[in-house]
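Given chain V, put chain A in place with the hints provided.
There are 2 protein chains.
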Amino acid sequence: MSTPLHALTGTQVAKLLKSNIITVEQYAAALWDRIQERDSTVKAWAYLDPEFVFRQARALDQTPQERRQPLHGVAIGIKDVINTQDMPTQFGSPIYQGHQSGFDSSAVGILRAAGALIFGKTTTTEFTVANSGPGTTNPHDPNRTPGGSSCGSAAAVADFQVPLSLGAQTAGSVIRPASFTGIFAMKPTHNLISTEGSKSFSPMFDTLGFFARSLEDLQLVADVFALEDDEPPTSVLLRATSVALVKTPMWSWAGPGTVAAMEKAARILRDSGVDVHEVSLPQELGDLQTLKRMQKVIMSGEARAAFLREYMVDNAQLGPEIAALVENSAKYSRKQMAESLDRYAAIRPIADKFVGGYAAIITPSAVDEAPLGLDNMGSAAFNTLWTGLHMPVINIPAFVGQHGMPVGISLVAGRYQDRQLLRVATVLSKPLMVQGAWNFGEALAQHEAPRPEAPCAREGSEPVCRLLRSSVAHPPAHNDLAPRS
Amino acid sequence: MSTPLHALTGTQVAKLLKSNIITVEQYAAALWDRIQERDSTVKAWAYLDPEFVFRQARALDQTPQERRQPLHGVAIGIKDVINTQDMPTQFGSPIYQGHQSGFDSSAVGILRAAGALIFGKTTTTEFTVANSGPGTTNPHDPNRTPGGSSCGSAAAVADFQVPLSLGAQTAGSVIRPASFTGIFAMKPTHNLISTEGSKSFSPMFDTLGFFARSLEDLQLVADVFALEDDEPPTSVLLRATSVALVKTPMWSWAGPGTVAAMEKAARILRDSGVDVHEVSLPQELGDLQTLKRMQKVIMSGEARAAFLREYMVDNAQLGPEIAALVENSAKYSRKQMAESLDRYAAIRPIADKFVGGYAAIITPSAVDEAPLGLDNMGSAAFNTLWTGLHMPVINIPAFVGQHGMPVGISLVAGRYQDRQLLRVATVLSKPLMVQGAWNFGEALAQHEAPRPEAPCAREGSEPVCRLLRSSVAHPPAHNDLAPRS
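If you read the protein sequences in the order shown, they are chains V and A.
Last residue of the first sequence: 485 in UniProt numbering, with the numbers rising by one and none dropped.
Last residue of the second sequence: 485 in UniProt numbering, with the numbers rising by one and none dropped.
One chain only, chain V, in its complex shape:
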């Protein structure tokens, strides 16, 4: 095997695990080694407990082969706003430091029932609302953000620490970090995956999504969550496919990386025989400034209820922007709230019809490459509309910007066309990934720094060694990662 274990996709490793070629424990050890090497720089984890990981791994190894589920032993990181029964869930908030919720959210329960190795909790910004915070870096440049708020979920997958992770998007928190870190991600149609047991921000928009390094892996997770269109996906042929290139009225925000990615995507697809139409959004959707404002009104209105508990319990430890939401300091009225809810609902069928005229629409995933610095996690300017429209979106990490950082593009379909969109993405991504400059193999090679001497190399048995490593994995300042002892 030329690819190291930690760099295998979920689908690849699932085959090895199911047929006993490797054990879950061996696999977990390989990921653990990768994390030890890399995570003092990347800082993707809000909580990791090697004891817990290896205990789970050994239990999975006991599962008789015929009872192994589709995700048997495949490691997945869980964004730390999604509750897990056996690890703390801290929501990126000091209020919940060390907080043990003691139960699995619906999504984690499903992943566990599907045999997944629930690896750890990935970093997030405070309640997903803040735009800075956990210090997680972009695996491809530690001076740049991985994007928020699903920063840890994106970084852990992009850094080959785990093959899969779960994130959540209320504005652009899945698609944008996927673009910034150069991985695939899917935000399904709203409410197709239950958000029960996750922190609420704005239920009208909150959507769970998932990250991977292959589209096959997105399919695998979509299977587990029983995503299903009315009809099975139809076959897609490049030469019989028509797509819409939609720059959106936000186009003036697009930086050179995104402008080039969109142009290159159009050219590659045209060269492959795809019928690429550059089109504008239908007039009936209304102007984008109004839509953006409506989105803000809805998010703010729902956040008043979503964060009231934290405001009452520990206002002193609540970020001022979150307190401002509860206090409605923007003075949005309930009348605006109702109007915004209704108006947004009214344009969803218009948008479905527009998008339904094409196999997919192609639109930016982010403004540009990941910006420099960790305090600005980027803008969701190109994401909010599709989130508000409840449409499925897939990030294709095909391109590279001016500074060598990845740049993705989004494929978008109408509501409840999730499986068809995955099929379309699989076909379109082939020429895009081959001819686009982003390359997983190169990213991996670039990361391969000389291994620091393992502190326990001279000190006895492997389990002890792992525990030792865990205790030195992070500087003391990053103490929310301390394993339970």
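Because the hints were derived from the structure by calculation, they are not lab data.
All of these numbers come straight from a predicted model, not from anything done at the bench.
Do not rely on the hints blindly, as some may be mistaken.
To be verified - Below, simulated DSSO-like cross-link-like pairs (lysine-lysine); rule was C-alpha separation at most 30 Å, straight line: (1) A:Lys296 / V:Lys353; (2) V:Lys353 / A:Lys335; (3) A:Lys353 / V:Lys331; (4) V:Lys335 / A:Lys296; (5) A:Lys247 / A:Lys430; (6) A:Lys292 / V:Lys335; (7) V:Lys296 / V:Lys353; (8) A:Lys264 / A:Lys430; (9) V:Lys247 / V:Lys353; (10) A:Lys296 / A:Lys331; (11) A:Lys335 / V:Lys296; (12) V:Lys353 / A:Lys292; (13) V:Lys335 / A:Lys353; (14) A:Lys335 / V:Lys247.
Showing chain A alone in chain V's frame:
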């Protein structure tokens, strides 16, 4: 004090507790005695732990007077689909028997921060979906249902066991049991109280609501949840108020109790000077059969995701009707789902405008009195429309049916008019409650059976006595109520 402690409203007892006239422990003991006397018949509780109740009570008694919150020491029952950190949450499902979720839902966290005495978990049907189950009886006739699915929450308040309780309504699960048991209840505008940490059924409709024996108490809870209209409520004068009497196209379903209640309400209000217009729903809402079908499509579509976890984890213990939802055995399409979501959204502003022409609309809360038997918890026929429209609804328990059982009527307002509706309800309920035949004092007197000899009367100290009582409070078959030892 002529009213026994257990029969005080939350507002009344809050005053006594705040000013140290009674202690929370004394109050809890009074409620506990009431429960011991009555609950072997009513069976309102899915979980009650006297140790936990009294520990909480003593802790609350330690709170310095100046730091006492609005609900200081006021007892509240929590529907057992809403997670609580220190009690099991069992969702009316054998899958979750003894399940300790270990965290507070958002709503419970808010109540706790407001000083409430979180008394216990009230019974519900399986995941609120089933229409029979927990064996809870109507306090006013043990041969009749209290209505579902918030059966325990309604029964505990109606039986003077606690003054307040939290419920949840996806179709008619708050307003209907309030009508069947003769108490006040409010279902606020959708998403004004966060459902985070509650079991999902259909997020587009799921709404937390609350039960009480006075409108003042509903105000108190509305304060705690920071419900707020755009404008402070305007004053309401009976002689300057116009209301709409809306029988709805379901009127042919109405039994004699509901027909009489609606007639009596109209007459009493007219006699009080209110301008009562009997009007039909606006044509633009579409026909009710279509609306009902759309509601079913949305609920079923969302339930596919909401119960997938339980289906995967323990299908054998899942009720067949819930498994059928996950399997979509009704074969509703995603296309119908999108159309139903959009169509429902489109009529919400139409309905707001219609309702906004009146101080409130008056419409049935239930088909009739609570039906005989515990296996049919009644129909939500008169409730689903308002739930789907996301409108606030208050049950006024003013009337009595042919068998002496209570019959309520609903007051409904436009979205985000929650506080104004409470004001209107306060004014309109005065003549209705005085001239309607339902009477809390009579209900209480009727319940006052001769006290059975307390099994521990001869056996030592009060705490031991309470524990002993708890262990004999229910027949062994009702074993989900066993206190933790």
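Hint-by-hint comparison with the structure:
1. Note on Lys296 (chain A) and Lys353 (chain V): the hinted pairing holds, with a Cα-Cα distance of about 24 Å set against a maximum of 30 Å.
2. At roughly 12 Å between alpha-carbon atoms, Lys353 (chain V) and Lys335 (chain A) fall within 30 Å of each other, so this suggested pair holds.
3. Between the alpha carbons of Lys353 (chain A) and Lys331 (chain V) the distance comes to roughly 23 Å, so the proposed pair stays at or under 30 Å and holds.
4. For the suggested pair Lys335 (chain V) and Lys296 (chain A), the alpha carbons sit about 28 Å apart, so the restraint of at most 30 Å is met.
5. For the hint pairing Lys247 (chain A) with Lys430 (chain A), the CA-to-CA distance comes to about 22 Å; that is within 30 Å, so the pair holds.
6. With a C-alpha separation of about 27 Å, the suggested pairing of Lys292 (chain A) with Lys335 (chain V) holds against the 30 Å cut-off.
7. Note on Lys296 (chain V) and Lys353 (chain V): the hinted pairing holds, with a Cα-Cα distance of about 25 Å set against a maximum of 30 Å.
8. Simply put, Lys264 (chain A) and Lys430 (chain A) have alpha-carbon atoms about 14 Å apart, close enough for the 30 Å limit, and the pair holds.
9. A C-alpha spacing of about 18 Å is found between Lys247 (chain V) and Lys353 (chain V), which places the hinted pair at or below 30 Å, so the restraint holds.
10. Straight-line distance between C-alpha atoms of Lys296 (chain A) and Lys331 (chain A) comes to about 12 Å, which keeps the hinted pair within the 30 Å bound.
11. Distance restraint check for Lys335 (chain A) and Lys296 (chain V): the Cα-Cα separation of roughly 28 Å lies within the 30 Å cut-off, and the hinted pair is therefore satisfied.
12. A C-alpha spacing of about 25 Å is found between Lys353 (chain V) and Lys292 (chain A), which places the hinted pair at or below 30 Å, so the restraint holds.
13. Taking the CA atoms of Lys335 (chain V) and Lys353 (chain A), the gap is near 12 Å; set against the 30 Å cutoff, the hint holds.
14. Proposed proximity of Lys335 (chain A) and Lys247 (chain V) is supported: the alpha carbons are some 28 Å apart, at most 30 Å.
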